[in-house]
Structure formats: structure tokens, C-alpha cells
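Peer 1: These are the residues of each chain, in order.
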Amino acid sequence: MRRMTSFNVVSLTMGFAFLYIPMLILVIYSFNASKLVTVWGGFSTKWYGELLQNEAFLDAAWVTIKVGLISSTIATILGTMAAFVLVRSGRFFGRTLFSGMIYAPLVMPEVITGLSLLLLFISIGLPRGVTTIVLAHATFSMCYVSVVVSSRMASFDRSLEEAAYDLGCTGWDAFKSVTLPIIAPAVISGWLLAFTLSLDDLVIASFTAGPASTTLPIKIFSSVRLGVSPEINALSTIIIAIVTVGVITASITSKRAIVKKQREEQMADT
Amino acid sequence: MPSDYASGFAPWEDADATPLISFDGVTKRFGGFTAIDNIDLQIYPKEFFALLGPSGCGKTTLMRMLGGFEDVTEGRITIDGLNMAGIPANKRAVNMMFQSYALFPHLSVADNIAFGLKRSDMPKSEIQGRVDEMLRLVQLQKFAKRKPHQISGGQRQRVALARALAKAPKLLLLDEPLGALDKKLRQETQFELMDIQEKTGTTFVIVTHDQEEAMTVASRIAVMDNGLLKQVDTPDRVYESPNSVYVADFIGDVNIITGTASEVLENTQLIWAEGATPITGMTGSRVVQGEPASFVIRPEKVSISKDEPQAANKVEGKVIDIAYLGNMSTYHVALANGVIVKSQTANNRRIARRDITWEDPVWLSWTDTAGLVLRD
Chain A
1 MRRMTSFNVV SLTMGFAFLY IPMLILVIYS FNASKLVTVW GGFSTKWYGE LLQNEAFLDA
61 AWVTIKVGLI SSTIATILGT MAAFVLVRSG RFFGRTLFSG MIYAPLVMPE VITGLSLLLL
121 FISIGLPRGV TTIVLAHATF SMCYVSVVVS SRMASFDRSL EEAAYDLGCT GWDAFKSVTL
181 PIIAPAVISG WLLAFTLSLD DLVIASFTAG PASTTLPIKI FSSVRLGVSP EINALSTIII
241 AIVTVGVITA SITSKRAIVK KQREEQMADT
Chain B
271 MPSDYASGFA PWEDADATPL ISFDGVTKRF GGFTAIDNID LQIYPKEFFA LLGPSGCGKT
331 TLMRMLGGFE DVTEGRITID GLNMAGIPAN KRAVNMMFQS YALFPHLSVA DNIAFGLKRS
391 DMPKSEIQGR VDEMLRLVQL QKFAKRKPHQ ISGGQRQRVA LARALAKAPK LLLLDEPLGA
451 LDKKLRQETQ FELMDIQEKT GTTFVIVTHD QEEAMTVASR IAVMDNGLLK QVDTPDRVYE
511 SPNSVYVADF IGDVNIITGT ASEVLENTQL IWAEGATPIT GMTGSRVVQG EPASFVIRPE
571 KVSISKDEPQ AANKVEGKVI DIAYLGNMST YHVALANGVI VKSQTANNRR IARRDITWED
631 PVWLSWTDTA GLVLRD
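These protein sequences, in sequence, are chains A and B. For what it's worth, the working numbering labels the leading residue of the first sequence as 1, then goes sequentially. For what it's worth, the working numbering labels the leading residue of the second sequence as 271, then goes sequentially.
Please note: incorrect hints may appear among the correct ones.
Below, a sample of chain A positions facing chain B; criterion: calculated Cβ distance under 7 Å [what the hints assert, rightly or not]: (1) Met-153; (2) Asp-157; (3) Ser-159; (4) Leu-160; (5) Glu-162; (6) Tyr-165; (7) Cys-169.
What the hints contain is simulated information worked out from the structure, not anything from laboratory work. These figures come from a predicted structure and were not determined experimentally. Built from N, CA and C at the ideal position, the CB exists for glycine as well.
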């Protein structure tokens, strides 16, 4: 191991401090016994207990998870289909336009997406609620899925599918038993991306949510406007913990899989 | 050479033999580009047929049309008497071994081999037996449970072969099957392929750009260029009696001397340089008296000596280059008019022929029947 220069040590410390000190403060204050958010009153876990009693937060959490699961699944199916068509169907009239249009929502300001969806739902008379949030989230996260999946599709060896046909598969059978298992990692990460985007979306959800369907980000945002409560800190800490565990598990698993595969390939060639 | 062939396997010479595959006036166009140009070709059961040519000559397209991956623009392909127009790849009694092997990475070796069987009308109880049989055929019993990335390149090639043969197709297509292997393994595998072809009695059509490979494995070779069949013949005839300068030049090493044909009889005299004695060679196809023609001769049929030999054809020249390849040496000899002729000698004794060296004046000679005169 090479020793780091003092310049590198400083920049590393600064960078990580910049990223993590705000979160660290939030986590520390979630264990604050005092009701005043900015004054330390000793260690306590009482806010976690109170959080579990708070029906409004629990409802909002449930709505968020429901919306996330349904919308990301819809987005994954549609996004995979779009990626398939864009990568596979070769040149057709308007292909460039289509592929440009599928990426456009990535750079579109959320406010505009939210507003246009709101106008659409009002004009077709769809009452705002969980359904409209699901539709809205599926709409904007679909393009993220299609970006992830189409990059995998581009490097997919077409002869694998031809081999499947050659061995007697029909089109759907070939997709189900050869293509899908091979692109599965991309589809899964597309789904996870869509789920995460849905979980932390505030802007589009506030345009499309109804009075009875508040998602967690909306709930947190509106209660913070009335003053930060230690309960919010506790809730945020739980979310941070879930995300951290998820990310660490995912990276360890994939790292192990890569190392295992490399070792096996080396053994196979000797 | 397959033993069938040695014992007189030559259905293409039998007027009563029924071909397995028949191309009738087959043309394939991609937009304005003609990939296959009006081809007629018959391939017979149990043949090991090689499609040989440089890249872009149409050999892969021809094979993909047999497999059902490309449709025919004009003409007709029949396999076993059945017109293949409109029959998709999954409905043909034809299997293909892909250049990249196209093994399914998420399935084990055994599951890869069973993949086609599970989609056939074979009863479930028989599938395992058939998979075991195929694993034995390619000697991979020990690797049945491994995934494709856990085995070596040569083993992957054998899995691909076993998978393509599992459904006992009437016809097996092999697209550059040995291209990814190193030279030594490739040579071993060529003999394995021939062995398996003989054991299973399947008709093989192989696409390759490697002429040595085609010569080794095939019962007949089709030499292709620009969507046309230049010559379809047994390896020895393609090598010894090429019907055009293109084929002579594409297969193996060759000396080409251009000139004008005079006296076209069984042998042809070729006037090739002012004042020099004409060269005599066997008359090839389409040579016309008084027209330009080329004399082609393989370097190993040209003898080299320091003293003037007694031979039907002899020319004088100077050694300008010697390529020592271990088992043989090739001498590049410049003739008086600047034409360079190669002569190849087997080094069947250690340090043989060391008496000839650079800049030496030498005589090249060959018999009347060693070379061919062909129309350009």
C-alpha cells in the first residue's frame, strides 16, 4: 500500500465530511431526548417509539411502498419493451425521434412533468389518489429503466437468440428462456432504480396526489414546514439505515459474484 | 479424409443419387447488394461439405439461408425434397453451430444440450439418456454440471457441437467452428469433427475461410467469390486441377506466369517471354489458341538445381530469397524477365540443399503435366 500524501488525506476528509456530516447530525439528533431539535438533551430512543404510534406517518409510509412497488413494476415492463424495440428493430421510420423522445424525460424539469400530468388527469376526469401517483411515477421512471436495459441489450449476442430459434423455440419461448435470464441483472437494476426514484419523489407526487393519498416525502415535507420534529429525524434515520444496508448488501453480493466468476474462468482455462 | 470417401464415397458422381440439399437458381439481395448470385448446388447425404472463400464472398449468407435465418430473394432451396420457402428456423430439421458457440450462459452444460430436446417431441424420460449419450460423444461427462464460463474454449466448442447434434438433425451447419481455437487445438479438433461426423452419419456443411481446414475435413469444397461458386470439387481436384486462376491462387501457394496460348492440344504451349522456349502445361478449361492465358504451377512441383537438368520445361534464374520453414525450404527465383518463381523442397535430410544460397544462378524445371494452362 502506498502512503497517501497529506494533500490527498485532506481532500478525502473534506469530501467525505461534505457528504456525510449533515446526515450524521441528523442521526445523532434522532436520539435526542429533548423536544427541541437543536438542543441536546441526553440520549433517548423515545422518538422511535412515538413514530410507531403515529398513524399518519405509517399510512404515508405504506402508500409510498405500495406506489413504489406497483409503479416500478409497470415502469420495468414498459421500459424493457421500449429498450427491446429501440435496440432490436433496426432502422425504421422515426427511430431517432423515438429514441430521443424516450430519453427526454430524463432532462425534463420535474415541475413540468408533474404539471402536465396533473392537467391530463383533470382533463380526463381521473380522481387524484394512489392510481394517479402510480401512473405518474411509472411514466417518468420508465425511461430510466429503458436506458439501463438498452445498454445491456446493445451488447447482447444476437446469435444466442438465433441458437434458441434453431433449437426449436418460438419467439416468446426464446425471450422467456434465453433473453430474459441473460438481461435479468439489467432488468432488476432498472426496477431498483425505478423503485428508488418513486420512493424519494416529492415534486411529481405533490402534483398528482389526492388528499387521502399522501406519500412519505410529501408528509415529511409538509410537517417540516410546521417545524422540524425529532420524530422526522428518527424516521429519516430509519430510511438511511435501510438504504445503507441495501447498498452494502448489493455491492458485497455482486463483488463476490464477480470474484467467483473470475476465479472459475481462470481455473477453466488452465 | 473420411474413410467413406477412401472407400469410394462419391455420390456426386452418381447420376441416380438423390441430393439432400438442392439450390436451384438461388439469389439473395440485401437492398441493391447481391450477396448470392444465381447459385445451383447439390449436397448429398453424409457429405462433409465446405464453403470456402474470403470474407464477404457470401458463404455465411448461403449457410444462413439453409438454417432459415435469411430468406431467399429468388430461386428455391429444397432439403430432403421439401421446399424450404417460408419455413422458419425452429421448424427445420437443421441445426447450427454458431461461430461464437452461442452457449446459454445461465444454463449448465447438460441443460444447454437438453435445450433443444425439451422443445422437441422426445418424451421427458428419454431426454436424460440422450444428453448422456451426447456428453459421451464429445467426452464431457465430467463437466455436465458446469456453466459455460467454467470450462475452457475447446470444451465450449464441444458443448456447442453436442447441443447442435442432440436433436439428430438431417443437416448440421458449422459456422467457422474452430475459428476461436489456437492452431494446435484446431488441428486436433478437425480430426475429432471428422470422427463425430462419421459416427453420427450427419451431413455437415461447414463455413470457413481457412483453406487448410477445408482441405482436411471436407469431402467436397465449394470455392466462392463475390456470391458466385467458382469451383465445387473434391479437395485434391480443387488443388491439382483448379478451373480458374482465382481458385488456383486462393487454395495454397502457386506460381502464375502469364502469356499467350499457342498450340492448344492435350497440352498447351504458352509463349511467356520474347525469345524464351514456350512453357508446356496441361490444357485447363476454356483455353483458346492465340488468346491470353496463365500457366499455374505449385511450388512443390518445381525442382531446383545448380546444373542444367534433363526436363520438359526448364528456365534459368537467380536465387533472391530463401524461406527456411524447418520441414521445407522455399526458394524465390527471379527469371531473366523479372518474373519470380517459387520452388519448394522438402528438407528430408538435415542441412539438405545448403549448396544453393542467395544470388546463386540456378535452373528450375518441371514435367509436362506438372502445371496447368488456364484462361485468365
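Peer 1: Output the indices of the hints that this structure fails to meet, ascending.
Peer 2: Of the numbered hints given earlier, the structure breaks just one, which is hint 1.
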